[in-house]
Amino acid sequence: MKVIVEPSKYRLPIARPLVGVAGKTGTWRLERPVVDNNKCTRCYLCEIHCPVNVIRVEPDAGVSIDYDYCKGCGLCADVCPVLAIKMVPEE
Amino acid sequence: MGLKLVLTGNYALAYAAKVARVNVVAAYPITPQTSVVEKLAEFIEEGELDAVMIRVESEHSALAACFGAALAGARVFTATSSQGLLYMHEVVHWASRARAPIVMGIVTRTLGPPWNIWPDHTDYMDQRDTGWIMSFAMDNQEAFDLTLQAFKVSEDPRVYLPVMVGIEGFILGHTSMPVEIPEQNLVDEWLGPRRQPYVVDGSEYMAIGNLALPEDTEEFFMDIQNAMEEARKVVVEVEEEYSKITGRPFKGPVECFKCEDAKYVAISMGAWSGDLMESVSQLRDEGYSVGLLRIRYYRPFPGDYIFEKANSTKGVLVFDRAISFGSYGPIFLDTAASFLKHTRKTPYIKNVVAGIGGVNITSDDFSRILKRFVHEVESDGVNVFEWYHKGKVVR
Ligand code: SF4
Ligand code: SF4
Chain A
1 MKVIVEPSKY RLPIARPLVG VAGKTGTWRL ERPVVDNNKC TRCYLCEIHC PVNVIRVEPD
61 AGVSIDYDYC KGCGLCADVC PVLAIKMVPE E
Chain B
1 MGLKLVLTGN YALAYAAKVA RVNVVAAYPI TPQTSVVEKL AEFIEEGELD AVMIRVESEH
61 SALAACFGAA LAGARVFTAT SSQGLLYMHE VVHWASRARA PIVMGIVTRT LGPPWNIWPD
121 HTDYMDQRDT GWIMSFAMDN QEAFDLTLQA FKVSEDPRVY LPVMVGIEGF ILGHTSMPVE
181 IPEQNLVDEW LGPRRQPYVV DGSEYMAIGN LALPEDTEEF FMDIQNAMEE ARKVVVEVEE
241 EYSKITGRPF KGPVECFKCE DAKYVAISMG AWSGDLMESV SQLRDEGYSV GLLRIRYYRP
301 FPGDYIFEKA NSTKGVLVFD RAISFGSYGP IFLDTAASFL KHTRKTPYIK NVVAGIGGVN
361 ITSDDFSRIL KRFVHEVESD GVNVFEWYHK GKVVR
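Those protein sequence lines, which keep their order, are chains A and B. Every letter in the first sequence is one number past the one before it in our numbering, and letter 67, counting from 1, is 67. Every letter in the second sequence is one number past the one before it in our numbering, and letter 298, counting from 1, is 298.
Just so you know, not all the hints are guaranteed correct.
To be verified - If the Cβ cut is set under 7 angstroms, some of the chain A residues that face chain B in the computed set are:
id: 1; residue: M1
id: 2; residue: K2
id: 3; residue: V5
id: 4; residue: E6
id: 5; residue: Y10
What the hints assert, rightly or not - Distance windows between CB atoms, simulated:
id: 6; chain 1: B; residue 1: T217; chain 2: A; residue 2: K86; range: 34 to 44 angstroms
id: 7; chain 1: A; residue 1: P7; chain 2: B; residue 2: K390; range: 52 to 62 angstroms
id: 8; chain 1: A; residue 1: T27; chain 2: B; residue 2: H342; range: 50 to 60 angstroms
Simulated from the structure, these hints should not be mistaken for lab results. Ideal Cβ placement from N, Cα and C applies to all residues, glycine included.
Could you put together the complete structure from these sequences and hints?
Structure, rendered in structure tokens:
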């Protein structure tokens, strides 16, 4: 299948997203979750509840969060039974 | 000369998609469209067409699948009808706003309720404000020709808009006529590879149809209007080129039948124009100076052609097989507006709405209506609107 891509002379309703649109959070997060891995019991509740699936819990290393994508919703902090996750204001 | 086959209108649409070498077909069955995609499924099954048939659960999904495939670079085709087209309507807008070249056959059928499978133009006319180029065939050869041309028009960089081709359900859809299919190598050469303004292939981030501010949004709309203006030239060029490879005559966006010297012209669109032609010929024999302008492209509306051919007549009678409730027939509204673009002194223009719900309008009916119109004009007593209900005048 051969396709010729020939730009239109008119504007098209396309946005070529920058950071922040392509799934990344950009600058708009207000609070970020901070984990105390000493308190954490490795129950995995935060991992399964994070709506953007950016929490990994490892038996040895504990909890890690990918802050590029974390939306700061606070769900992980809410579900943690031992209060090992705290939401702190974004700098 | 290519192959001559005896095909139904539905099969003519399928053959056009086949020789255009579509890559993807998605459709949901609906009477009277179903045999269009059944035929395409057969072509794919038998290895005559190298395409993917996506079986979907609704018409909304059918066009959504075609939309996605088109954005990814595929040449796509779908066909639908009536309630299915209405169900698809949201995506119909999406496709044109994203400037996705897509071709869709509309096998027209009256909208319910009451449930009705006979043809009129209501479902087709419901799409007139969606930003699609819209053509309408009078016979099965034209159903084939306009569909094949639709790919070329749709993929022209000056246009990049989707195209729908209308045929009347059952009247053309299920009636067989000889159809000439041009040779595949000629079509390949003429149509060329798929063209589109951008591809969504994962190589870069792209968002289609995301939030835009009011001024930007308005500009997208204005660009579609401008592309429609360009399409006026493109449909003519495409048909002229196509005439060269097929040897069939160029008809233009509006076909003139005995209209050159006519004092009265009728305007119509679709299969019933054949009956109207018979009636025009018969009235000519009886000494009436009548002619016909048959619309082949409804969007962009060929108002300038109509004005040019009909302005010097005494009366213009517009037949509509659809009604904009509380107003007039859609073709009449466009015709009247097109005259006002050029002149404040129009000939008498009258609208007759008829054939709704599949009511059969014969050449005798057309003759009766035309004769009455001529007499009305001669006596200065024209009603602007008439709903012709098999002889009964409702208003
Ligand atoms: S704050 Fe929300 S998005 Fe961020 S890691 Fe916790 S649950 Fe996930
Ligand atoms: S919910 Fe709390 S205790 Fe459970 S794994 Fe996450 S941080 Fe650790």
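For each hint, the structure was consulted:
1. M1: holds (6 angstroms)
2. K2: holds (4 angstroms)
3. V5: holds (6 angstroms)
4. E6: Since chain B brings a Cβ to about 5 angstroms from A:E6, closer than 7 angstroms, the hint holds.
5. Y10: Holds, about 4 angstroms.
6. B:T217 with A:K86: 34 to 44 angstroms: For A:K86 against B:T217, whose Cβ atoms are near 42 angstroms apart, the range 34 to 44 angstroms holds.
7. A:P7 with B:K390: 52 to 62 angstroms: Between A:P7 and B:K390, where Cβ atoms are some 54 angstroms apart, the hint holds.
8. A:T27 with B:H342: 50 to 60 angstroms: Between A:T27 and B:H342, where Cβ atoms are some 56 angstroms apart, the hint holds.
Comparing the model with each earlier hint shows no violations; every hint is respected.
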